[in-house]
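Following the hints, put chain B in place on chain A, whose structure we already have.
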Amino acid sequence: MTLESILMTLPYITVVVLFSLGLFTVLFKKNLIKIIMGIALMQNGANLFLVSLAYRRGEYAPIFTSAESTDMVMPTAHALTLTSIVIGVATTALLLSFVIMIKRHYGSINTDDVRRCKE
Amino acid sequence: MSFDIMLHTPTFILAMPLLFAFLTILVSKFSKKFGEMTFLLGLLLTGFFVFLMSYRIFTDGGWIYTFGAEEVTTRNFFRITFIADGFAALATITIAITAIAAGIYSFGYLEKEMSSDKFYTLFLLTLGGVNGMVLTGDLFNLFVWFEVTSVASCALVAYENYRGRSVEAALKYMVLSTVGGLVVLFSIGLLYGQYGVLNYALLSGSISRTFLDKLALALLLVIFAMKASSVPMHMWAPDAYGEAPGPATPFIAITSLGSLFVLFRLLFGVFGVGIDTAAIGAILVILGVLSMFVGVTMALVQNDLKRLIAYLSVSQMGYMMMAVGVGLATLNTVEYQNFGELAMKGGLFHMINDGVYKALLFLSAVAVIHKTDLRSLNDLGGLAHKMPYTTMFFLVGALSIAGIPPMSGFSSKLLIYQSVYLYNPILAVIALVVSIITFAIMGKVFFNAFLGPDQGLTDGEVSNVMLSGMAILTAVVILFTLFPNLVVSEIVTPAIEALTGGVLP
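Which chain is which? The protein sequence lines are A and B, in order. For the first sequence, the working numbering assigns the number 6 to the initial residue and increments by one for each residue that follows. For the second sequence, the working numbering assigns the number 57 to the initial residue and increments by one for each residue that follows.
Don't read these hints as lab results, they were simulated from the structure. Small disclaimer: the values here were computed from a predicted structure and weren't measured. Ideal Cβ placement from N, Cα and C applies to all residues, glycine included. Among the hints, a few may not be true.
Far from chain B, some chain A residues (derived; all Cβ distances over 10 Å) [unchecked claim]: (1) Thr7; (2) Glu9; (3) Tyr111.
What the simulated footprint calls covered on chain B by chain A, stretch by stretch (three residues with Cβ under 8 Å from a Cβ of chain A suffice, anywhere in the stretch; the number is not a length) [unchecked claim]: (4) 192–200; (5) 212–224; (6) 249–257; (7) 451–457.
Chain A extracted, bound-state conformation (with noise of 0.2 Å):
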């Protein structure tokens, strides 16, 4: 295994870090702006992901240069990418509204105390 191969994989190594770290967090914290950082935390490993998979070697970025169109690089995972942030800002946003009012209206944001639903 070369040094170029490890380095390779390394972005990949990352996704997987970052996107269990997320899982882990969502699953097992009570406290809700934690569970939130944890899927902002899948949120950037997924979007990782994706923007290396888009890398090719000795290809060229998506841009109309003199270069040939045939080398240059698909930009579809770029877009993807662009696309997922914003839809992560609309998500994220759209959650920390909901644990704002849950704050009103429960006095907490511990999952232990947000369980009214059940009842």
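What follows is chain B alone, placed relative to chain A:
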């Protein structure tokens, strides 16, 4: 080239809800009355274009609607496709009927609300999102519409934000949806990294049985089953259905049904060629049986009217997953001719049936809650004296969900019993037992809430607008009851052909 409006109907089905969502909130700034009319116009136009699209599909067959490049190549990235085929027609018809009825109903329900324009906007955005989900032909687009639906429907659940419980339910739903959306994105990445395409038709040609394909399939199956409120991922559903504002409740249920439509499209259209259909079909059957049984058992012990119907809805989802699972398990074998196709017919007919009668049940339950401010079955009673029409509508929905002959629920359930019996007799027995328990539950609710001496809980019937919303759904249920053969041959059969025939290129 002339502008062929029929060809462009898929765009309008999406454009109308999105355009009118923001028009409604704009017009409402000037006049509440005009705002409501804009909302209604948006709904009716969407329904009209759904009708046009389905008409063309049923007469001339389906087509692929493309934005951008018309040619199919792997390096063509400026291309988004919508699939307008029999399956999309079935899905959009179900969604449109429920949306129009619930929309009309909401005028009466929100009469005294000050901020009803926000409700209408969120309602139309959810409608656009679900339509996009069932129409889209590539995974990128699917992710976007998935998130549009999640955000809009979660905000809709939290609409009555002066109650803590509705915000709590919305938060639960939103956390699950967001994590689900990210997992969908991750599995899209897995598929894109291998094949470099996101289009359903192109993907279905290249899917093989690699480990990453199986992983992506498993992740997508789990997430869409979760959104379809299948046991064991059903925890959010009773909360979200129970706490959503009245007229939106059937519509939150419809987003679940929309997810189930997408799941079937992915299983048959994208993964159907490359995977072990017998194994995946069996998994779908197991999920279905679990949903049926756990859903109905949980419904038995519920006291809250809306939560009870929510659990019944979980159990009805099980019927569809079981029936279509049998169809998938027998796909491309001799058995498919013998009973697999019949199971598919039953399953898909049950989807359109269930979408309609479940909406009717939810709306009539909401009418009771709206009028009496009571949700517990222990407190309700004798409502039939003052609310005769609501009682009648509830009875139609209850008989249909319990599958009592000759109601429409019976016709689809009969197809399911017949066909799954040949796959495995135990499944048919379970389905029958669940049906009988459902009947018992509906009987209990009906006797408890509507019959008995008048307890003076209400001063009369709900407003005519709300009644007309329920009347539309009742008319559709009765139509399905009278002409089940016509529905199966005209709407369900093209859907099955579209589903099993693979995605159009």
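Here is how each hint holds up against the structure:
no.	hint	result
1	Thr7	21 Å, holds
2	Glu9	19 Å, holds
3	Tyr111	6 Å, violated
4	192–200	holds (count 3)
5	212–224	holds (count 7)
6	249–257	holds (count 3)
7	451–457	violated (count 0)
In the structure shown, a violation is registered for the earlier hints numbered 3 and 7, in ascending order.
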